[in-house]
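Starting from the structure of chain Z, add chains W, R and C with the ligands where the hints point.
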Amino acid sequence: MSADAAAPARRALPAWLQRLPRIYLALVGMVLLLGLISPLSVEPGDLLNLMRQGATIGLVAIGQTFVLISGGLDLSVGSIVILADVMAAQMINGQPQQVLPVTLLVLAVGAGFGAVNGTLVTRFNVAPFIATLGTNLIVFGIALVYSGGAPRGSIPPEMRFWGNGFIGGVFPAAALVWLIFAVLAWLLLTRTTFGRALVAVGANRRAAHLSGIHDARVTFLAYVASGFMAAAAGLLLVAFIGVGTLEVGTDFLLGSIAAVVIGGTPFEGGRGTMAGSFGGVLFLMVLYSILTVLALPTSGRRIVEGVIILAAITLYSRQRE
Amino acid sequence: QDEDIISLRSIDYLNDTSIAMPEGDAVDTSAFAKDEPYTIGFINWSTANSWTVQIVEEVRDEASLYPEIGEFIIVSSEGDADTQISQIEDMIVRGVDALLLIPVSPDAIVPAMEEAAAAGIPIVVFAADVNTDVYVTKLLTDSVQFGRVQGDWLMEQLECQGNIIVLNGVTGISTSDNRRLGLQQAIEACPDGGAGITILAEEDAAWAYDQGKLATERMLAAYPEIDGVWSQGGAMTQGAIDAFEAAGRPLVPMTGEDNNGFLLAWQARLADGFKAMSASEPTWQSRVALQAALRIRSTAFRCPPSLKTPLTCTCARNTPMRTGRIHA
Amino acid sequence: MTTVPVPAARRPSRLRRFVRQHQNVLIIWGVLLLVLVGSAFASESFTNPRNFPNLMRQSAALLLVCLGQTLALLVGGIDLSVGSVISLVVVIMAALMQPTPESMLATLVVGLFIGALVWAVNGFMVTRFKLAPFMVTLATLSIVQGLALQFRQNPQATIPREFSPPFTGDTGGIPHPFLIIVLATTAVWLLLRYTRFGRHVYAVGSNENATRLSGINADRIKLLAFTLCGLLAGAAGVFTAARSRAGDPLIGGDFAFDSITAVVLGGASLNGGAGSVWGTLAGVFIVTVLSNILNLAGIESNYQYIVKGVLLVLAVMLYRRRR
Amino acid sequence: MTPLLQIEAVSKHFPGVQALSAVSLSVLAGEVHALVGENGAGKSTLMKILAGVYVPDSGRLLWQGRPVTLHHPAQAQRLGISIIYQEFNLLPDLTVAENILLNHEPRTRLGLLDWPALNRRTRDLLALLETDIDPEEPVSGLSVAQQQMVEIVKALAVESRLIIMDEPTATLNPVEVQHLFQVIDRLKSRGSAVIFISHRLDEVLAIAQRVTVLKDGRWIATQPAAGLTQAEIVRQMVGRSLEDIFPPRQPAPAAAPLLEVRGLHSDRLRDISFTLRPGEIVGCVGLEGHGQRELARALFGLERLTGGSLHLGGAPLRLRHPRSAIEAGIVFISDDRKAEGLALKLGVRENVALPNLKLFNRGGIITPVQERDRVAEIVAALGVKTPALDQEVRLLSGGNQQKTVLAKWLLRAPRLLVFVEPTRGIDIGAKLEIYQLIHRLAAGGAGVLVVSSELLEVLGLSHRVLVLREGALQADWPIADCTEENIMRAATGVQA
Ligand SMILES: Nc1ncnc2c1ncn2[C@@H]1O[C@H](COP(=O)(O)OP(=O)(O)OP(=O)(O)O)[C@@H](O)[C@H]1O
Ligand SMILES: Nc1ncnc2c1ncn2[C@@H]1O[C@H](COP(=O)(O)OP(=O)(O)OP(=O)(O)O)[C@@H](O)[C@H]1O
Ligand SMILES: [Mg+2]
Ligand SMILES: [Mg+2]
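Protein chains in written order, with the numbering used here: chain Z, 60 to 380; chain W, 105 to 432; chain R, 44 to 366; chain C, 9 to 504.
No wet-lab data here; the hints were simulated from the structure.
Pairs of lysine-lysine, DSS-like flavour, derived with a Cα cap of 27 angstroms:
| hint | chain 1 | residue 1 | chain 2 | residue 2 |
| --- | --- | --- | --- | --- |
| 1 | R | Lys173 | C | Lys353 |
| 2 | R | Lys173 | C | Lys346 |
| 3 | C | Lys439 | C | Lys353 |
So here's chain Z without its partners, still in its complex pose:
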């Protein structure tokens, strides 16, 4: 309707810019703002470090993107991250030769809980909100029981490198892990039949079903991917921390959803990009830096944080009519 008037102007932009998720516009603005109030925080090394800081939540956001596109929601990621963290630390227990087998096991466990979510949603028709909320409680309980509330164990330096180290002394290893997964996920979403089917299922499940898409299987796989990515994030987190802990301060759940939605994947699904989610996570990281630099008390921080998120989504993520 009236928004159509703006359309010709938008067409004047070069094609690649048009395709770039609009979050990057906001991201550039935020980096400029950060540079303005704290020039030291935007040196190249610091910007790369932002990518490292975003890596764990970035991995979770990748899985969350798949699930949101399918029209669902995964509330269990936070607990899966914690369980993976606790399991890895306790099982590896400082022994380098355990790293690989435990990593594989933990990823399988994450994917397994994803499969539980997927089964509840597709086979038993449980609303994703409730299914994943239930799993979230169960998985957290398991993490508590497994660790007795006080996780033990530690991570050998070889593995800690992936959380803390720098490749060639400059590029954060964690950021590399994130990038690799993001690119793979992007290919999966845009270049494979699975990705296509996923988008179609999110946009109109009935029509997709009638087009011969295994809608249940595709939805199921989205949850498996989400559980898997959450476990991967847990592994990266434990590599970052070095010990198992139930006391993870990062809010993986709301953080990941916020990043994905800010990145342009609508809450109702049927659309969405990995590049957008990637940018959404970076946006949050820059936002946190700005908040730190502003040195406000928590009350002020929370207010500014909310206002900036509101401003960002108002700026670019207007829902299309």
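Using the frame of chain Z, we list chains W, R and C with the ligands on its own:
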């Protein structure tokens, strides 16, 4: 570690005034006397926290020593006052013979506590303060003092001059707020009233390693000159240490709390002259609380309305690895 | 062409239609019944007469929030900010309230007003800028929490003792929370069922565009529904203030997830247009009873998580599978 | 006499399309004014401008001689304009009564909703069309045709001066169309004006006083219906004359049956058996709700069967999922394109590619170039009018949406095509193309089953006709034996 706990078992805390210092006039609790077995309820404030896990383990162990305990119910409020109110109400319905309570909020749970008291349930409050006197006894270490001790140490290290960064727990939770208050008092106690100290940045890091490290990284990126770190939690301090080293910045004096990871990290850097201190609230206070509850119910016991457990602290002069109660 | 009589379709009996139309609500009440019976077996304290007022008190605030949440979900929204709103209401009421009846009444009104105001702002953002309610309320969650921390007093301000009885007391053995639950549920039900506004709420959530094309100002309906949602959150804040009598800036913490859980349990759809007040009521009771029985039965927190998660999923499975 | 409504030089541009270019038109009180044109000619756009949904880029509207601007549907309603949209705008979770009286709900003196009155008034309104829809039924449980009835009744619920009907008859059977025409006559005699849009030109000539033709967003002609012929209208619409809309039938070769249906039973089907040979086009008719849809759906695995068997090419068919049907070479075109045919928010390319992803992938990896080429080819072949391959489908005109559905199923040569209302909402030129296409596919050896409520379509297209009544097969006649009359008799069971 197990041995330490066992050795602690035999202690009669209530008669050892060096451990539990009575304050105020003792009251007669004979009105509460009742035949065993007892059903005891314990409302913990959170489960996913190694300090409270230790609290729970110790009280569970202590409870196993007393055959007169018929049932010992442990639930946790997960830091939520509304949940805790409901749990107190549920304990009333359950008809527990005594209630051990770590308050989540100093005021919000008062009406529920009043109700429990009115229902004849003796309450033993410990580990966090509450603004009412309907409990039978209360067992505390002082959170303000905790922050103050940390702050005093840091001021001493910095000679009241320099830039510091602050890592809090969760603003709005009394423990976090009170410790922070203690820091403020320490700063203001400087000869110049604190004018020489600048708080560059301050953040809530939820007592967690990852948030402590991330917050410190952001602060390091923004501020080239940081002279001290006041952190009110050990895991956060450990994160701060790692962040300083990752940024290639020399370590500055840091405060922390009794936490194994932090203490180990500190010990490893002792030789390099890293200065740190650790304050600690004893986890065995839960044992004291349980003993008090049982005495209130079983014997005519003159119970002090308030007990103070000592705040211990480990400073650079001492060796950092203290006796047993550190969870390995 | 010849005109032919169309064979008459069988019209279902009133009862069968009622059952079919209210299938979800009936099933969820069945689930609630199961939970109640199971609880009675699990702990004898559950049937202790004291437990009834207890359960009512524990349900009332959640129910008020959930009624609002139901409205928000019905128009296709969601409210994540409700917990902060409760905190803010409680903090401000505690700071303002003096122990005089006038002051109490005035602060009560202020409390309601704050809730409505927050949601009027939320609603404005959602309708004016076409933003996703999830994101808007996630942002307001943060802002309002910040405000609650800003306005809190340290030490916490308290609320006069006399403020509680009208909300948490009882009259002639009937607990006031029970009356609040009955009144609020009935009022919202009447609103949804017997007013044009109520029907339009369902219409907007069911198909916003179609509603707009019917000449209805969909934005106004949404704005109003959101404001009502805020008003109910404010009411929950008032109740929580009466229950806790202190300005705790974090007391609202769990309300958002608990309320969405209860409402979705009650059959509301996160996509809008579907949901009912009676289903919500059952959902609230299920959530409250679950916590209650786990405490009464003395299940430890570590296991409480697992048991709660399993029961939650089982309850919904029992109920969703029938669709 | 001032016309009720004058449209003066109205233009409307959408990204990539000039939907209307300076269209002028007037509508008189008490007349039925038909609007015809090809798919995408701009008919619906013009109507939405009258309904206050779109604001024209230029031009103006005069209502009883006075200029008006309509920015919101409520404004159009206040003037007395009501509209039946081409795309349904019903609220699935609400009941029929709530839908029909949405925004006009009767209230008691207390201002509360009067549910008994709501249902009563709805029942009265529904009686106008002599339909038997239950006012308390949720709309989601209705068939497409019933939903269309609800849409019509909804527009009649308010006293309007101008009633716009955008393809109201597309889903109705002839009997229902007769009822609608009676209602239109009543409206006319009451002095209301009706704008009537349809691709069925016989209807247009039967009901309209004047006919306006649009082409590519331009006004072509407005003329009295009396004396006008279908051929003339088609010439104006298409720009050339179409000789015979139904291409000559090739006789179906005698061959072993492609599809054998034996003793099919389900909730709605009773003991249905028939065969279909390769190259054969079989029509299937019956009154709404008598099992034709279900029969078609059963062939795609969408109906729960309680008995009977299916064989394709001699091999037994077990259809557990649409995918197994697709893999067996069966395609199914549903009559509910919004719910079952298209993902409206996705582009044309994504929709067309969806059932065919196997064709352009290697080991699960899509090859975009191949995909684009194949989709472009079929889109061009079917003449889907879209500004870009990635245009969101919901922005296409109704007819072009339907063509997109066809495109997605015809990209691969299927063995058996099951069509439900294949030409619903499709203009006459495109219809011809689709018929030709069906013939080509049949000539290539595919079998075709067409379920249609357009009797003429079935008669013009099929080799054989199946008639269903109450879920049972009443007749299985070669086309030579079929007349409109005997088919209607078989369908209704009424002996003439
Ligand atoms: N995204 C989803 N959200 C909710 N329910 C779903 C979703 N996907 C599938 N389902 C439900 O799961 C059940 C099985 O779906 P469906 O019949 O499509 O499976 P399927 O595609 O046949 O799977 P497969 O071919 O692998 O057996 C259906 O009841 C369907 O409603
Ligand atoms: N909202 C929109 N955005 C972009 N293009 C649109 C929009 N609505 C319509 N169009 C385009 O405008 C043109 C006219 O469409 P319109 O719906 O008016 O055609 P129509 O004459 O009603 O066709 P049909 O007979 O198929 O219904 C088409 O090319 C269509 O794709
Ligand atoms: Mg049209
Ligand atoms: Mg299946």
